[in-house]
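Since the structure of chain D is provided, determine the placement of chain E on it from the hints.
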Amino acid sequence: MVTSQLPLLTLAIWVPIVFGLAVLAVGRDAAPSNARWLALIGAVAGFAITVPLMTGFDTSTAALQFVEDRPWVPAFNIRYQLGVDGIAMPFVVLNSFMTIFVVVAAWEVITSRVSQYLAAFLIMSGLINGVFAAADAILFYVFFEAMLIPMYIIIGVWGGPNRVYAAIKFFLYTLLGSLLTLVALIYLFYRSEGSFQIADYHMLPLTLQEQILIFLAFLMAFAVKVPMWPVHTWLPDAHVEAPTGGSVVLAAITLKVGAYGFLRFSLPIAPDASHELAGLIIALSLIAVVYIGLVALVQADMKKLVAYSSIAHMGFVTLGFFMFEPLSVEGGIVQMISHGFISGAMFLCIGVLYDRMHSRQIADYGGVVNRMPTFAAFFLLFAMANAGLPATSGFVGEFMVILGAVQVNFWYAFAAATTLILGAAYTLWMYKRVVFGDIANHHVEELQDINRREFLMLATLAFCVLAMGLWPAPVTDVMHASVDNLLHHVAQSKL
Amino acid sequence: MQSLYLLVPLAPLVGALLAGLFGKTIGRAGAHTATILGVAVAFVGSCFVAQDVIVNGNTFNGALYTWATSGNLKMEVGFLIDPLTVMMMLVVTFVSLMVHIYTIGYMQDDPGYQRFFSYISLFTFSMLMLVMSNNFLQLFFGWEAVGLVSYLLIGFWYTRPTAIYANLKAFLVNRVGDFGFVLGIGLVAAYFGSLDYATVFAAAPGLASETVSLFPGAEWSLLSVACICLFVGAMGKSAQFPLHVWLPDSMEGPTPISALIHAATMVTAGIFMVTRMSPLFELSETALSVVLVIGAITALFMGFLGLIQNDIKRVVAYSTLSQLGYMTVALGASAYSVAVFHLMTHAFFKALLFLAAGSVIMGMHHDQDIRNMGGLRKHMPVTWITSLVGSLALIGTPFFSGFYSKDSIIEAVAESHIAGSGFAYFAVVAGVFVTAFYSFRMYFLVFHGKERWREGGHGHADHSHAAAAHAGHDDAHGHDAGHGAHKDEHKHDDHGHHHGLGPNDNPHESPWVVTLPLALLAIPSVVIGYLTIGPMLYGGYFGDAIFIGENHHAMAEMAEAFHGPVAMAIHGLSSLPFWLALAGVVVSAVFYLKRPDIPAAIKAQFSGIHRILENKYGFDDFNQWFFANGARLLGGQLWQRGDRALIDGVMVNGSAGLVGRIAGWVRHGQTGFVYTYAFTMIIGIVAMLAIWLSL
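Same order as they appear, the protein sequences are chains D and E. Counting in my numbering, the first sequence runs from 371 upward without gaps. Counting in my numbering, the second sequence runs from 17 upward without gaps.
For reference, chain D alone in the conformation it holds in the complex (with noise of 0.2 angstroms):
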């Protein structure tokens, strides 16, 4: 194990957190923008923190890095343990610049109680940063269940007319799907004579009754937090009625938990379990990328478009996991960082046309090129993205994943190739109706284009889409070692 001199993994958790527990000290409605700026720098610093994760990495080995270890609760064996591979490093790195955005988004925008606004998702951050780095099955349950906490006050507090019931519906979800894991991690306590350990799960042989029910009991928690087709409909009522920022959190970085859990537990604890439920994730999966697509096709009102659209994505996640090819898995998790960015930035294109419009109603557009034709520049961008358009981030994993398919079976690869005709229709087709055409109103011959702040949000966001789509190398690279050990884990069965 490679450990290092600083704890950077503690740092990139906790001084979000405590940067967050500053903003509510110093904030008041008064003068908010103290809590701003203050927040500002505390996302600024968490990410700066995760900097050297990046540059220091080892992308020669499969081991956790950067580890860190010391007893939590002795009593159970419990351990502050954290470290990251290279499937889990760079969500910790996407997190904490996300973060940025959700700061800087809020900026003008978010008037009302400001500092515990800012403060709840400074400490998401960290919560997050939480899940990523545990190496402790306990650790990372902990924060997996904290984690929800901030987001739910998010949506309940600064969210739309409906929030009360998306709030609730996420909460409910989210923590009914998780509790069996619960059980299924005291029951792994048991079984490997006392150890939370997720390294030792690994290597712990299991029976296929045991690995079955350990695996469903995974699957509840982790296709929920995707989701998954048929548990998704939390997600477009919780991306309506959040905030600009808690929707760019909940794309960007909170599906992707439960696809890291997939990958961190599912497959490598009960690797025959994975290959004998395998077909049922495929189909899950597959019908997330047809059906939801058809669903998106319909929406009015944009940000459930693009929450639909965001199920169809992660349905490439998971139909590239449990296909087992190095191409297809590498694939997924290209396509959840890349979905960071995409998801990310189409929140916050809707939400830069929310904050002049209030309305999220395609219908109450049209013509918006006519008086913001940069907006309309970075939305036209972020939508061929969205649709996966070569040169594009969305393009890589899309394509990693159906060549991927095609290796494993054709008609998965068929089905999952329709994307590109569904993708493209319902992003564009709402693009058409918002961005093109004669102003379609008073409100939208009044609109003004994007400000200094939106501007750089966007161009950074599409500086990151474009160059992960013209070289995606680097970002695969540092998979590869990581994604050949998991891979390995597979591959051998545990009975």
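Errors might be hidden in some of the hints.
[To be verified] In silico contact screen, one side only, chain E against chain D (beta carbon under 10 angstroms); selected entries: (1) V60; (2) F64; (3) A84; (4) G87; (5) G158; (6) W159; (7) E160; (8) Y167; (9) V198; (10) I201; (11) Y207; (12) G634.
[To be verified] A few chain E residues that don't get close to chain D, going by computed Cβ distances all over 12 angstroms: (13) G43; (14) F156; (15) E301; (16) R387; (17) K466; (18) E467; (19) D659; (20) A694.
[As the list claims (entries may be wrong)] Label-pair ranges, simulated between beta-carbon atoms: (21) D:T429 x E:A679: 49 to 57 angstroms; (22) D:N811 x E:D125: 27 to 35 angstroms; (23) E:A679 x D:P844: 26 to 34 angstroms.
No wet-lab data here; the hints were simulated from the structure. Given the structure is predicted, the values throughout are model-derived calculations rather than measurements. Built from N, CA and C at the ideal position, the CB exists for glycine as well.
Using the frame of chain D, we list chain E on its own:
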């Protein structure tokens, strides 16, 4: 040399970025100077590369950088420079340069001037990356990038409902093609373990007998399946039946891009791609038959549609569809070099015809209806002569470039013996008459006869004419449910355009920036066939770039009969196609100059057929009804019944309700009386004791 390879595509990209990102700063002149300079550099660079390849025989195949690796698949970006590539580079950069210059005149009043230049330069970059690629991945990159720019340019006038309908349609239909293309690439990657052309082609013969089982019990040849999948991609981009539906609508874009993208270069990407893949297609007779038949259907039936069009650009558009069909037929007949040869000659004369049509449109003050034109030869001499040259080349007049390429296609089909070749031969021969007829119908209506815009009743100065000209559009597009705003479609004035000439106006010849490209394109339209048929078809110009299987003899047979371009042209004078073309010209002259009552009578007599043609065989209606409305209906049902009623209604709210019911039921046990609790405890203890004792 390698840095030159890089310079050729990057120069237009730099131009595009300058004009696109700093358009306001550098102004109109800055934008067109930067982009024209970029494309000129690309053209000159291509000339040097061509000289190096053709004279010195230096080909190149190498990677630029590794895009990504995964598993054992290495995906790269790189260049393959061989005779096929340099021919495409020359055609693309030359036509692009002409179009750039022409645009200065055509778009001079348009507020989106810089944006337009940025797009066409970006297109040039994308197209160059496509043709210079040495692997399937980058091919797909270029493929989609040209599709993107096409989308942007068709919808260039984004306030027009017809334009933004057309660009979405074009993108989606192309995506249907890409769907097949991606699966084809996936099959190649899965079975060859590489996306590199050279590696794949080298391994192809070894996999000729490999089969895939797509349905239980049915074993299909891997290469047939892969090639057909790849060809579906070509059908989208090269607008082959039944994915042709987007191309006529793409005429909503400004005319320069119709010339560059929807005639000369992008739509031929499919032809280029199949030619590039000749080592794969040659191993599958089935795939070749599919290619042949699809091409033949497109060549003939799209030509028919050209007969009844009244929009000058749509006539040329259907002619393009038909000619793309000819090229595809040549591919199916294993005459790849002939297909590419026709691609090249067609690029010149069709770009010429489109740009000339644009010049006419400018002269007519943006009236595109040929029924309102006539006698323009007196007013627009350069446009007239160059149009005549282009039309003669298109119909295959001996000694003109189109003759050499089209006659070679017909002969190649005659020599082909694969399934479908009989039908294809009929289609391409019959197509000659059709081509000549619609080409000269347009030519006569535009340049000869009475000056019909002077006739009263049209009222061109106002918008009533424009409504008439677009009445056909309303039929074609009015069914889009998302098109409520369709009726007030005449927003062209936003762009400083006004419609039609008044009865007393005279059309004027276009400025030199327009006529110069016409003249420069007219020259190759005449001579390029004569000059290059020898080396390109029979002189081994393409070398290893094109592979022809041993059992396909068309090219070899034709080589024996070829005795130089002069002999071929003289022989052509006595051949059936020539007489058919002549007949087409004569008939159109009679119909549209002497006896306009005849076509009217035919139209009345065969109104059923006319209606079928008017409806474009009903493809648009069917696609709209079945695919567009069907998908929306299905999506709506899945959402309402699946997500809302079943999942939310029954599963989510249902289980919440169940919890509530159980809670309500259990609540009855909580009576608040100590004796019930005590009694329950006793029963519990007894039960536990019983279990414990029985173990």
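Hints and how they fare:
1. Residue-level restraint check for V60 of chain E is violated (minimum Cβ-Cβ distance to chain D is 27 angstroms; threshold 10 angstroms).
2. Given the 10 angstroms rule on beta carbons, the hint for F64 of chain E is violated: about 27 angstroms separates it from the nearest Cβ of chain D.
3. Given the 10 angstroms rule on beta carbons, the hint for A84 of chain E holds: about 5 angstroms separates it from the nearest Cβ of chain D.
4. Here the hint on G87 of chain E is kept, as its CB sits about 3 angstroms from the closest CB of chain D, short of 10 angstroms.
5. With its C-beta approaching chain D no nearer than about 8 angstroms, G158 of chain E sits inside the 10 angstroms limit, and its interface hint holds.
6. For W159 of chain E, the shortest C-beta to C-beta distance to chain D is roughly 8 angstroms, which falls under 10 angstroms, so the interface hint holds.
7. A distance limit of 10 angstroms between C-beta atoms decides the matter here; for E160 of chain E the minimum to chain D is near 5 angstroms, and the interface restraint holds.
8. The restraint placing Y167 of chain E at the interface with chain D holds, with a minimum CB-CB distance near 8 angstroms, inside the 10 angstroms limit.
9. A least Cβ separation of about 5 angstroms between V198 of chain E and chain D falls short of the 10 angstroms threshold, and the interface hint therefore holds.
10. At a threshold of 10 angstroms, the smallest CB-CB gap from I201 of chain E to chain D is about 7 angstroms, leaving the interface hint in force.
11. The beta carbon of Y207 of chain E comes within 9 angstroms of a beta carbon in chain D, closer than 10 angstroms, and the hint placing it at the interface holds.
12. Taken as an interface hint, G634 of chain E does not check out: its beta carbon lies about 21 angstroms from the nearest beta carbon of chain D, beyond 10 angstroms.
13. Every CB of chain D is more than 12 angstroms from the CB of G43 of chain E (nearest about 17 angstroms), matching its label as outside the interface.
14. Interface exclusion of F156 of chain E from chain D breaks down, the closest Cβ pair being 6 angstroms apart, not more than 12 angstroms.
15. Interface exclusion of E301 of chain E from chain D stands, the closest Cβ pair being 22 angstroms apart, more than 12 angstroms.
16. The Cβ of R387 of chain E lies farther than 12 angstroms from every Cβ of chain D, with a closest approach of about 29 angstroms, so its non-interface assignment holds.
17. Under the 12 angstroms C-beta cut-off, the non-interface status given to K466 of chain E relative to chain D holds; the minimum distance is some 38 angstroms.
18. Its beta-carbon lying about 35 angstroms from the closest one in chain D, E467 of chain E satisfies the requirement of being farther than 12 angstroms from that chain.
19. Distance check on D659 of chain E: its Cβ comes as close as 6 angstroms (rounded) to a Cβ of chain D, failing to clear the 12 angstroms threshold; non-interface status is violated.
20. In this structure A694 of chain E is separated from chain D by more than 12 angstroms, as the shortest Cβ-Cβ distance comes to about 32 angstroms.
21. The supplied range of 49 to 57 angstroms is met by T429 of chain D and A679 of chain E, whose beta-carbon atoms lie about 54 angstroms from each other.
22. A C-beta distance of roughly 28 angstroms is found between N811 of chain D and D125 of chain E, which places it inside the suggested range of 27 to 35 angstroms.
23. Between A679 of chain E and P844 of chain D the C-beta distance comes to about 54 angstroms, which lies outside the given range of 26 to 34 angstroms.
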